[in-house]
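Put the two chains together into one complex, using the hints given.
The residues making up each chain are set out below.
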Amino acid sequence: MDTEEYRDHPVRSYVLTSGRAHPSRNTLRPETLVRAVESRPVLSTAGRMERELVQLCRGTLALAEVAAYLQLPVSLVAVMVSDLVDSGNLTIRSNHQAHVLPGKDILEKILDGLRKL
Amino acid sequence: MDSASSDRTASGQHLAPTVARSVKVLVVGAFGVGKTTLIGSVSEIEPLRTEERITTASVGIDPGQPNKDTTTVAMDFGRITVTEDIALYMFGTPGQRRFWDLWAGLADGAVGALVMIDTRHLEDSFEVLDQLELRTKIPFAVVVNQFPDSPAYPLERVRAALDLLPETPIVECDARDRQSAVLTLITLVEHAMTFPVFQKVNA
Ligand SMILES: Nc1nc2c(ncn2[C@@H]2O[C@H](COP(=O)(O)OP(=O)(O)O)[C@@H](O)[C@H]2O)c(=O)[nH]1
Ligand SMILES: [Mg+2]
Chain V
1070 MDTEEYRDHP VRSYVLTSGR AHPSRNTLRP ETLVRAVESR PVLSTAGRME RELVQLCRGT
1130 LALAEVAAYL QLPVSLVAVM VSDLVDSGNL TIRSNHQAHV LPGKDILEKI LDGLRKL
Chain S
5 MDSASSDRTA SGQHLAPTVA RSVKVLVVGA FGVGKTTLIG SVSEIEPLRT EERITTASVG
65 IDPGQPNKDT TTVAMDFGRI TVTEDIALYM FGTPGQRRFW DLWAGLADGA VGALVMIDTR
125 HLEDSFEVLD QLELRTKIPF AVVVNQFPDS PAYPLERVRA ALDLLPETPI VECDARDRQS
185 AVLTLITLVE HAMTFPVFQK VNA
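Quick mapping for you: the protein sequence lines, in order, are chains V and S.
With my numbering, letter number 56 in the first sequence gets 1125, and the count goes up by one each step, no holes.
With my numbering, letter number 131 in the second sequence gets 135, and the count goes up by one each step, no holes.
Calculated from the structure, these hints are not laboratory results.
Treat each hint with caution, since some may be false.
Said to hold, decoys possible - Only part of the chain S face toward chain V is listed, based on derived beta-carbon distances under 8 Å:
#1 23
#2 87
#3 130
#4 190
Stated by the list, open to error - Below, computed lysine-lysine pairings styled on DSSO-like, alpha-carbon distance capped at 27 Å:
#5 V:1178 with S:141
#6 V:1173 with V:1185
#7 V:1173 with S:141
All C-beta atoms, glycine included, are put in the ideal place defined by N, C-alpha and C.
So here's chain S without its partners, still in its complex pose (with noise of 0.2 Å):
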């Protein structure tokens, strides 16, 4: 990123007055996965992106001492005006457990989470799947991103390999396309509204 000078907003980035409230979705996954690539696809603004300085979990937290082990994680972000007055922001965080203090607070309030899969390398995924099936418990849509030389295993197959719940719901994408991206938010979404959490109308 270049100078924080404020011209950089002084064009059209700023939401439409309309627009009042906010929801948020989380795109988790290994390094290399395809986060930003998705963000970035369906995103109404250039991805942004912000640093935090976390202590990693396996040391702990020692206010005396702040600069010790402590490591920068980045968030890449986007949004899409959904409506005329709701925006919908996609942050994207690496999933590991080291970054849980990160991530934890980031999933809270959210209506749920896209977890981007490679299948040359899925035990990547299994530290996030825990992480939210057993501690975030926010509703997830795993998404298998298609590399060129990705074997081509049949969804049922990785649905299997990974041991998701019957419910979870998993899908095909190509990040660097917008539909397809689009319909990853779809069914993320969709799998949310059946969760009970969500069924209260708080308008």
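Extracted from the complex, chain V is given alone in its bound form (with noise of 0.2 Å):
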């Protein structure tokens, strides 16, 4: 097995993505929590990739579980929940703003629920 593998995935993720290498908001990380707004449809210019994103979403998942799942980059899943963000579908769950890193008291809170485990 590989964890460095040469793959041709030629120009798929530019085409999905009109066009932009790189998602509009920085904030966005791969442990970042998203949730589907439930009350406002996808618009109907959407494409399969974002319907299906918005549909995995109905419970929250963190940016890379939905990379995973539609076996995408996370790069380009970045930029497609930026944009469903933007139109509302999606709602970014997790309460930190970005480049804040948890406070002791969260550290104090992992702790206790890993020494439970």
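Structure (structure tokens):
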């Protein structure tokens, strides 16, 4: 097996994101939690992947999980998520701002949780 | 992975609705050292995998030629809902310098990293340790995975061979054992708590 392997997916990601190579929001990380806004219908112009993404997010998932289920790179899913947040179909569930590290109180809660496992 | 149908997540793979925050740790180390095994031992979901195309660092990024000299790097990950409102994600990735673009982004916002070591190939970890100490500066703990034919070095000898700082934790682990894997995470988070960047309370 393989942590590193050559593979070719020519220009698919380029096409799917209308030519943008990077997410418009740098607040999105692989662990960012996202969830669909149930009351908001997906625009009829949305692509199949966008629909599938919103469908997947009817419960909370991290961006990396969405990417794994859709079998797309995280960087591409970040672009799609960003657009779907703009269109009101997804909300960012994680309540922390980008680039803010968890505080000591959060780490203490994590430790308590880990010790109970 | 099989087809990308959404029925894969129709079952209970979503986080509980109470979870409103996520944190992450990285699991780094050379190929075959036990990253996926450790993640699988503690994850509440079957470990997932994504692949990212990156331009290898030695080549540089040429936007005009997107297909030139790119390589695909796999990332395995799992998660633990540690409290009713916090999910901990564990991202496993090879830590070599040529994957720097990928894991520099991953390290951003991380609580820290577990660096997995195989004592039969200590030198495989030098590059990862350099990256962590000199570039990302995120907290890390060294995890010595025991394989059947690993020589039984005392941990202090491994510490010396790796030239670790005195405060850097080093622990032995059987990545296949859940409690052993949980202990490595506890060690890392305890260590992270001593870092000034995490002292602030921002609930
Ligand atoms: N004896 C022993 N074998 C291990 C341990 N961790 C992993 N392995 C085995 O080592 C091999 C590589 O592990 P894997 O998790 O795929 O490594 P990765 O490439 O770092 O993700 C697998 O066959 C595992 O079963 C361990 O702690 N002890
Ligand atoms: Mg692996």
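Status of each hint after checking the structure:
Taking 8 Å as the C-beta cut-off, the interface hint given for residue 23 (chain S) holds, the closest approach to chain V being about 6 Å. Because the beta carbon of residue 87 (chain S) sits about 5 Å from the nearest beta carbon in chain V, less than 8 Å, this interface hint is met. Look at residue 130 (chain S): its Cβ only gets to about 18 Å from chain V, farther than 8 Å, so that hint breaks. For residue 190 (chain S), the interface hint holds, since its Cβ comes within 8 Å of a Cβ in chain V; the closest pair sits about 5 Å apart.
For a cut-off of 27 Å, the pair hint linking residue 1178 (chain V) to residue 141 (chain S) stands: about 23 Å separates their Cα positions. Taking the CA atoms of residue 1173 (chain V) and residue 1185 (chain V), the gap is near 19 Å; set against the 27 Å cutoff, the hint holds. The hinted pair formed by residue 1173 (chain V) and residue 141 (chain S) meets the criterion: a straight-line CA distance of about 18 Å does not exceed 27 Å.
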